[in-house]
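Residue numbers (the numbering used here), protein chains in the order written: chain A, 1 to 83; chain B, 1 to 83; chain C, 1 to 159; chain D, 1 to 159.
No lab work stands behind these hints: they were computed from the structure. Even for Gly, the Cβ is constructed at its ideal location relative to N, Cα and C. Be a bit skeptical, because a hint or two may be false.
[As the list claims (entries may be wrong)] Computed from the model, here is a short list of chain C residues facing chain D with C-beta under 7 angstroms:
1. Met-1
2. Pro-11
3. Gly-26
4. Val-28
5. Phe-31
6. Arg-36
7. Met-88
8. Gly-91
9. Glu-92
10. Arg-104
11. Ala-131
[Stated by the list, open to error] Okay, derived cross-link-like pairs now, BS3-like style, lysine-lysine, Cα gap no bigger than 30 angstroms in a straight line:
12. D:Lys-126 to A:Lys-63
13. C:Lys-126 to B:Lys-63
14. A:Lys-51 to D:Lys-126
15. B:Lys-37 to B:Lys-63
16. A:Lys-37 to A:Lys-63
17. C:Lys-126 to B:Lys-51
18. A:Lys-51 to A:Lys-63
19. A:Lys-37 to A:Lys-51
20. B:Lys-51 to B:Lys-63
21. C:Lys-126 to B:Lys-37
22. D:Lys-126 to A:Lys-37
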Amino acid sequence: MRILYFAWLRQRTGTGMEQVTLPDDVRTVSALVEWLKTRSPGHAAAFRELKTVRAAVNQTYVKLDHPVADGDEVAFFPPVTGG
Amino acid sequence: MRILYFAWLRQRTGTGMEQVTLPDDVRTVSALVEWLKTRSPGHAAAFRELKTVRAAVNQTYVKLDHPVADGDEVAFFPPVTGG
Amino acid sequence: MIRVQSNDFDPGAEQAALVAGRRDVGAVVIFVGLVRDMAPEGDRSALSAMTLEHYPGMTEAQLAAIEAEANRRWPLSASLIVHRYGRMEPGERIVLVVCASAHRAAAFEACAFLVDWLKTKAPFWKLEESADGAGWVEARAEDDAAVDRWAVSPPKAAE
Amino acid sequence: MIRVQSNDFDPGAEQAALVAGRRDVGAVVIFVGLVRDMAPEGDRSALSAMTLEHYPGMTEAQLAAIEAEANRRWPLSASLIVHRYGRMEPGERIVLVVCASAHRAAAFEACAFLVDWLKTKAPFWKLEESADGAGWVEARAEDDAAVDRWAVSPPKAAE
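Isolated chain A (complex conformation) (with noise of 0.2 angstroms):
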């Protein structure tokens, strides 16, 4: 699965996209969220507060509860300030 961080997510995990694979018992945006937050401190920190974080999967937004699979590309940024 394919993980795209923007913004200050970018920053504080410290990278722009990783590769990962999904634990079995991993099946929302939101489950994902918890098993990506032991991945490292800055990614502790990145979802730290999560009422000030967007999550698309295929590039399609969606909530903390959408379902996601191996094989999505499940992005993280904050809400958008436009152009």
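The hints should help you fit chains B, C and D onto chain A, whose structure is shown.
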């Protein structure tokens, strides 16, 4: 006095500008029009339908009863059509 | 700034020149009017060309007056009207209005206000040429509605 | 047409290319957004630069979707959105919207609609640099009011 004609008034009178010496008894735009009509058949044709003729004295729109005096610039034109 | 000229203009160059060196302009709204062939919409012959006649001196004065009015109504950083006269063919640029402001709402509204006025009240006369011959366009009543929404009267030209 | 690019654009060249060869276009409304230094309005330090980050793929898809929506709502002859990303300084062009139509009302409305959406809903993130350091701009609630008047929801990006 300088008289200017635009659009089809220019075409009918056959001139865009003419210099005239105002007779003493011509003191309004209206009287000027009556006097101009005697100058040529083209002038008479230009002023045949006065409801589609607009006038300006010294580059300001005026009504037909507006006074005119020697030294004025008087212009005649159809209603403007915009750009 | 206003200009009445027979030659074409470059909207990009005009935009750049108008805001050169400024750091306080966030929005530039540009209107480019083109000569349009209205034949496909009606039963008229295709337009081959249009000639715009103006009243040198009065036309410039009225354009400057309406531009000043737009600057009174909206907080513009800069504005520009360029209007062509003479013979133009379908597809050619005929009028340019540029309104720059810190914010987009003022720029959009001022530009629309100026364009509505220019398209209906500016002292120009239009001669259209087609296979049917040449004819002067008559003033259109429906266009006045667009200007009326701004509650504007034609500016008095300088005396 | 939409493009997301780091390099600058020329509004005049884009306008000309968009309507080249057309005889049915009467009005082209162009919006040029510039990087603006908001410091003079508040108590902030002068902006030295702004960096726009985007989501390659999703940003383009959303821009294409909102452009299609504008074309459904208004009878446009042609339209174009060019949005830059990367680092830009105050005064630089950042976004271009061009809407061409037979009539000016459709061109103005469609352009304002697209700009309101782009300025608030487009997937970009803004990093501002000043003497105080660099900081990510937070989404602004007031901007949503401008979009709300069009009753538009963010387009769903292609899956």
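Against the structure, the hints:
1. Met-1: Because about 17 angstroms separates Met-1 (chain C) from the closest Cβ in chain D, which is outside the 7 angstroms limit, the hint is violated.
2. Pro-11: Cβ of Pro-11 (chain C) sits 4 angstroms from chain D, so the hint holds.
3. Gly-26: At about 4 angstroms, which falls below the 7 angstroms cut-off, the nearest Cβ of chain D leaves the hint on Gly-26 (chain C) intact, so it holds.
4. Val-28: holds (4 angstroms)
5. Phe-31: holds (6 angstroms)
6. Arg-36: Interface hint status for Arg-36 (chain C): holds (4 angstroms vs cutoff 7 angstroms).
7. Met-88: The hint is violated - Met-88 (chain C) has no Cβ within 7 angstroms of chain D, the shortest such distance being about 12 angstroms.
8. Gly-91: Result: holds, 5 angstroms to nearest chain D Cβ.
9. Glu-92: The hint is violated - Glu-92 (chain C) has no Cβ within 7 angstroms of chain D, the shortest such distance being about 10 angstroms.
10. Arg-104: holds (6 angstroms)
11. Ala-131: violated (15 angstroms)
12. D:Lys-126 to A:Lys-63: With Cα atoms ~23 angstroms apart, Lys-126 (chain D) and Lys-63 (chain A) stay inside 30 angstroms; holds.
13. C:Lys-126 to B:Lys-63: Distance of about 23 angstroms is within 30 angstroms: holds.
14. A:Lys-51 to D:Lys-126: OK: Lys-51 (chain A) and Lys-126 (chain D) at ~19 angstroms, within 30 angstroms.
15. B:Lys-37 to B:Lys-63: Answer holds: Lys-37 (chain B) to Lys-63 (chain B) is near 18 angstroms, not above 30 angstroms.
16. A:Lys-37 to A:Lys-63: holds (18 angstroms)
17. C:Lys-126 to B:Lys-51: Roughly 19 angstroms between the alpha carbons, so the hint for Lys-126 (chain C) and Lys-51 (chain B) holds.
18. A:Lys-51 to A:Lys-63: Satisfied, since the Cα-Cα distance of roughly 11 angstroms is no more than 30 angstroms.
19. A:Lys-37 to A:Lys-51: Cα-Cα ~15 angstroms, so holds.
20. B:Lys-51 to B:Lys-63: holds (11 angstroms)
21. C:Lys-126 to B:Lys-37: Since the Cα atoms of Lys-126 (chain C) and Lys-37 (chain B) sit roughly 25 angstroms apart, the hinted pair holds (cutoff 30 angstroms).
22. D:Lys-126 to A:Lys-37: holds (25 angstroms)
When the structure is compared with the earlier hints, violations turn up for hints 1, 7, 9 and 11 and for no others.
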